[in-house]
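Colleague: The lines below spell out each chain.
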Amino acid sequence: MIEFKLPSLGADMEEGKLLEWKVKPGDAVKRGQVIAVVDTSKAAVEVEVWNDGVVSELLTKPGETVPVGTVMARLNGAAAPAAAAAAAAVTAPRRRISPAARKHAEEHGVELDRVQGTGPGGAVTLQDVEHAWAAKEERKQARKEETKEERKEERKEDKGLEMRRAIAAAMSRSKREIPHYYLSQTVPMLRATEWLAAENAKRPITGRLLMAVLQLKAVALALGGFPDLNGFYRDAAHAPSAAVHAGVAISLRQGGLVAPAIHDVAELTLDELMKALADLVRRARAGSLRSSEMSDPTITVTNLGEGGVESVFPIIYPPQVAIVGFGTLAPRPWVTHDGGLQVMPTVVASVGADHRVSDGHRGALFLAELARRLQEPEKL
Amino acid sequence: MDKKQIRQQVLAELKRIAPEVEESELDDAKLLRDQIDLDSMDWLNFLVALHERTGKEIPESDYAKLATLSQIVDYLA
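Protein sequences appear in the order of chains A and B. The numbering of the first sequence is the numbering used here, which starts it at 1 and goes up by one. The numbering of the second sequence is the numbering used here, which starts it at 381 and goes up by one.
Pulled out of the complex, with its shape left as it was, chain A reads as follows (with noise of 0.2 angstroms):
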């Protein structure tokens, strides 16, 4: 018997509103799927399955607000697919449903579990699912109706509250528990602006690259040399991270931010990075984010040039080790080699960075080592 438990998407998480579940018991899950959908105070997270089984029972109901850790439902653990189909058979008896419903029933989202049959034997007709349906509909038509608007403004006023509180939790749990030490690098971008205007001149506009995708990857190439300033920090202990998961700071339009993980950043090319950082923004501001991309950021990355401010002096999010910030990319005067002068495109990246777990030269090697990594765009 497999628990299901609610998981902490992120350090300031303490309880979870379990908006939907995505399976009943009998489905069969597999690793990584999502099977329900719970809000939190920054968003709608799609939760998955960390094993392969059959669930058994759902304990918690839509609508509950549970704590961290609570059991929510029960899987028997991974089995083989005949075994699978047989312990589906049992927790829930073959109910007799003719295809018209059960594909009416699939199309319009109607729970079969929920419907009385009328026909021989119990079986659930088309029209059983069709009465379902539109009972369904009228009871959503009643809740809608029912003070629509005032329900929408106190929704949103009560997320951005929440939302304020959750991240007041974990930068005073960061400030607190965390010695940081700051620094900062002013890096040349001619190389990587020339780069990329070539890059996109090439490009239709639907598949340019913005340079926040470079700064993204160099940042994960150059982390490799760098366990130290990947990973978590917990029970007195650093976990350094092989994988490099960067969390990628974004900022909501009705205030606030979230900073959801792309996975295997160093894995990706500039394309599939440039999509996922596209798909990423679109869901968080739409506040649809999936669990792991909640929980398992190894570093953040945050990006504040966009409003011109020249650095950052990061904060960094629990129990992660490090975050990396860039300013604004812009014109700067550059003393070249030779001592002569030149107008060089600039930006100052910066590290804050866990001193129980590294010292400033650690973090010095690693800027310098991104700021290396930078100047071969092409390699990125």
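It is worth saying that the hints were derived from the structure and are not from the lab. Worth double-checking, as some hints may not be accurate.
Under the rule of at most 16 angstroms between Cα atoms (straight-line distance), these lysine to aspartate or glutamate pairs were calculated in the EDC-like manner [as the list claims (entries may be wrong)]: (1) Lys202/A to Glu440/B; (2) Lys384/B to Asp454/B; (3) Lys202/A to Asp407/B; (4) Lys275/A to Asp422/B; (5) Lys395/B to Asp382/B; (6) Lys24/A to Asp113/A; (7) Lys202/A to Asp422/B; (8) Lys384/B to Asp422/B; (9) Lys17/A to Asp39/A; (10) Lys24/A to Glu111/A; (11) Lys17/A to Glu111/A; (12) Lys24/A to Asp52/A.
Some chain B residues judged to face chain A by a derived CB distance under 7 angstroms, without partners named [unchecked claim]: (13) Asp419; (14) Ser420; (15) Met421; (16) Val428; (17) His431; (18) Ile438; (19) Glu440.
Glycine included, each C-beta is placed from N, C-alpha and C at the ideal position.
With the hints as your guide, set chain B onto chain A.
Modeller: Frame of chain A; chain B shown alone:
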């Protein structure tokens, strides 16, 4: 399509990306990105949407010509 219609389409796409935009508060002659909080991802999405509506390719080297709302309308006309 005349300029008035193009302007309406441009505004519609802007609002889709930045719902807080109030048309009455926009100055067509002032820098757009000074008036609306658009990051580079928003900007690219905005241009892609205009490309899809008008079929114009909008190379990156033309971005400098698209600083104000009236410049964008002229460019697309």
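Colleague: Against each hint, give a clear statement of whether it holds in the structure.
Modeller: Hint by hint, here is what the structure shows:
1. Lys202/A to Glu440/B: holds (10 angstroms)
2. Lys384/B to Asp454/B: holds (11 angstroms)
3. Lys202/A to Asp407/B: Violated: Lys202/A and Asp407/B sit about 34 angstroms apart, past 16 angstroms.
4. Lys275/A to Asp422/B: holds (14 angstroms)
5. Lys395/B to Asp382/B: Since the Cα atoms of Lys395/B and Asp382/B sit roughly 20 angstroms apart, the hinted pair is violated (cutoff 16 angstroms).
6. Lys24/A to Asp113/A: holds (9 angstroms)
7. Lys202/A to Asp422/B: At roughly 21 angstroms apart (the allowed maximum being 16 angstroms), Asp422/B and Lys202/A break the hint.
8. Lys384/B to Asp422/B: violated (23 angstroms)
9. Lys17/A to Asp39/A: Judged against 16 angstroms, a Cα distance of about 5 angstroms means the pair holds.
10. Lys24/A to Glu111/A: Holds, because 9 angstroms separates the two Cα atoms, which is no more than 16 angstroms.
11. Lys17/A to Glu111/A: At roughly 21 angstroms apart (the allowed maximum being 16 angstroms), Glu111/A and Lys17/A break the hint.
12. Lys24/A to Asp52/A: Status holds; Cα separation ~15 angstroms.
13. Asp419: holds (4 angstroms)
14. Ser420: holds (5 angstroms)
15. Met421: holds (5 angstroms)
16. Val428: Where the cut-off is 7 angstroms and the nearest Cβ of chain A is about 6 angstroms from Val428/B, the hint holds.
17. His431: holds (5 angstroms)
18. Ile438: holds (6 angstroms)
19. Glu440: holds (5 angstroms)
Of the numbered hints listed earlier, those contradicted by the structure are 3, 5, 7, 8 and 11.
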